[in-house]
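J.: If you count the sequence shown from 1, you need to add 37 to reach this note's numbering.
No false leads were slipped in.
The list that follows gives simulated cross-link-like pairs (lysine-lysine, DSS-like), each with its CA atoms no further than 27 Å apart:
(1) LYS110 / LYS93
(2) LYS110 / LYS86
(3) LYS58 / LYS93
(4) LYS98 / LYS86
(5) LYS58 / LYS98
(6) LYS110 / LYS98
(7) LYS86 / LYS58
(8) LYS110 / LYS58
Read the hints as simulated data drawn from the structure, not as lab findings.
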Amino acid sequence: NEGMMVVFSRDIPLLVSQTIKEQIEQFIGAYQLTLSDITRFITHPGGTKVLQAYEKALNLKSNDLALARDVLKNHGNMSSCTVLYILERELQNIHETGEYGIVLALGPGFSCEQVLLQW
38 NEGMMVVFSR DIPLLVSQTI KEQIEQFIGA YQLTLSDITR FITHPGGTKV
88 LQAYEKALNL KSNDLALARD VLKNHGNMSS CTVLYILERE LQNIHETGEY
138 GIVLALGPGF SCEQVLLQW
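Using the sequences and the hints given, assemble the complete structure.
T.: Rendered as structure tokens:
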């Protein structure tokens, strides 16, 4: 095996559920936004339990992460770059002018990268 090898911790869903809301609020707060201003969540899936942790922590409906679930089902977890496949699909959707979205990617050592989008 010559490819990249990643070991995923079973603690990731717990870390997401405990930290993601505060991380996002701090990030978007710098732009005078709140979670209620974000209508699109483009998330690195990580796995079914990670998606459930996002939903619980951010009070989302499973439909809010439908693109992430679809990419996870059809392509699996391709590490942090998986979120780019989800972003590509999200960009094909129709958005209202001024609508906000956030891109969330998880990485090694439990890092969380965020990008704020506005259409």
